[in-house]
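Participant: Top line first, the protein sequences correspond to chains A and B. Heads up, the first sequence is in the numbering used here, so the first residue is 1 and it goes up one at a time. Heads up, the second sequence is in the numbering used here, so the first residue is 1 and it goes up one at a time.
Some clues are possibly wrong.
[Said to hold, decoys possible] Partial chain B-side listing against chain A, Cβ under 8 Å, derived: (1) Thr49; (2) Leu50; (3) Asn84; (4) Leu89; (5) Tyr92; (6) Glu93; (7) Leu101.
FYI, nobody ran anything at the bench for these hints, they're computed from the structure. C-beta: ideal position from N, C-alpha, C; glycine also.
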Amino acid sequence: MEWFPVFLNEMLQFKRKLLRLGYIFSAMMAPIIYLVTFGLGLGRTVRLNEGVDYLTYLLPGLVAMSSMNNSYSWVASSLNLSRLYFKTFQVFIQSPIKPSSIMIGEVLSGMVKGIFASLLIILFGFIVNSSFRPNIIFFVVLLLNCFMFSSLGVITGMITKSHEDTATYSNFFIMPMAFFSGTFFSIDRIPSSLQPIVYVMPLTHTNIVIRKESLDFEGLVSLCVIISYCIFFFIVGSKLINRYSD
Amino acid sequence: MIKIEGVSKNYGKIKAVDSLTFEIKKGEIFGLLGPNGAGKTTTIKILTTLTKPDSGVCFISGINVIKNPQEVKKIIGVVPQENNLERELTVYENLYLYGMLHRVKDIKRKIEDILEVMGLRDKKDVVVSTLSGGLQRRTLLARALLPEPQVLFLDEPSIGLDPHIRRGLWQIIRKVKFEGRTILLTTHYIEEAEVLCDRVGILSHGRLSAFGTPQELRRDLGEYVVDSFDDYGRLFSEICRTREEAYKIAKNRGNGVTIRRSNLEDVFVKLTGERIKEE
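Looking at chain A on its own, in the form it has when it is part of the complex (with noise of 0.2 Å):
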């Protein structure tokens, strides 16, 4: 439990945060955006092979989305601050704690805030679409995605040079994933020649488990991708605080 003083000190800031309300709102923003632009508005016209409505497919591919940018930014942002501005991370470098506990409590953090924000997704969800059913399934890779998100915030957060960075990474890798692994059109309508690319991306593999009913072949090879990004994103993030010198 060496890892619980890190996760409770995020914590009790993010419970700051959202007693503020603010941070509820622009949690919920650009994902309610996209569901009201993309869900009920275009949403209307497109016609899918899978023969589901657009919203219901949507919702998933929102959540997977909502979870990715949330765990991601919140860790990289508070970490990259944190370290570079406040130097309050240094606090926990001083403390006679174990790399990996505070990789741990970073990013459970992370995972949390994730969560929160794809919470209120749902619940929208539910609300505009009463066919939205999420199954276990949903909401073990939820997890993983959260997970994997937030660790990679971590590496993020260690290795910018200024809070700028922390946008140009957001821009280069979390919003083309965003866009192109499959949130709102399926990775098939994507040219076979930047497939490669797609399939890379580890948001396309929680976006193709998310929607699965039960665990096929496709959705146990996706898994595998996932949590093998989890681990390696973990060790990576760990040796990175484990080598952090000012």
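Go by the hints and put chain B onto chain A.
Facilitator: What follows is chain B alone, placed relative to chain A:
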């Protein structure tokens, strides 16, 4: 208690610390003195495991800081130059989290005790960002003392504080020394070093230029200084070994001459040709 041998640290082409070697005895307050950029903070960061040196070794209480940082972290407390408290949290929450990180036993009672000692009891539920600079420094010191460290590192402990608040902080630091802890502090306030430190080291460009008690350093330099100004307002300071010698020089200089006791800044100027408060 603290031993540094041949420690160097470069940032690109800049030599922040250059083959630094010195020892600090158990229970003393040791001051590292020097202008900004002299290498004081880098030295503290190396000793507190935050920065890895390029070469050299250092030991705290016999533990190798570079090879065994986790063990060192258990016996040290750090008050950094910049306020790194969690600004959005209360004083109590900051202390509680720090106590948990350092596995402080009987944490609630110890927090109450330290709040009492530091005069922060009525501020415990106040959010840090709303505290004055002086109270924030006191909270930082309380936080560092909570795990009862054997060695305390204070990096510019009174920087930016009003003189009367600075003096209050000095009293607390002395109290900590009398509890038997070893203290390494950096400062560029001459008075602070003279009032608090048993011994000082003067750092210049990452190297130690002088080392000893403030009295020894002054004595070696000469205990009296004759200050005078020329027609262009430039200050001339002449160092004298005896009062008689100082009077003799002052007589020859005419009006506007003052004789005073030498201080560490005179030692510093003599050794390095720089003024301590220079940026």
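Participant: Now, for every hint given, state plainly whether the structure supports it.
Facilitator: Taking the hints in turn, this is what the structure says about them:
{"no.": "1", "hint": "Thr49", "in the structure": "holds (6 Å)"}
{"no.": "2", "hint": "Leu50", "in the structure": "holds (5 Å)"}
{"no.": "3", "hint": "Asn84", "in the structure": "holds (4 Å)"}
{"no.": "4", "hint": "Leu89", "in the structure": "holds (6 Å)"}
{"no.": "5", "hint": "Tyr92", "in the structure": "violated (11 Å)"}
{"no.": "6", "hint": "Glu93", "in the structure": "holds (6 Å)"}
{"no.": "7", "hint": "Leu101", "in the structure": "holds (4 Å)"}
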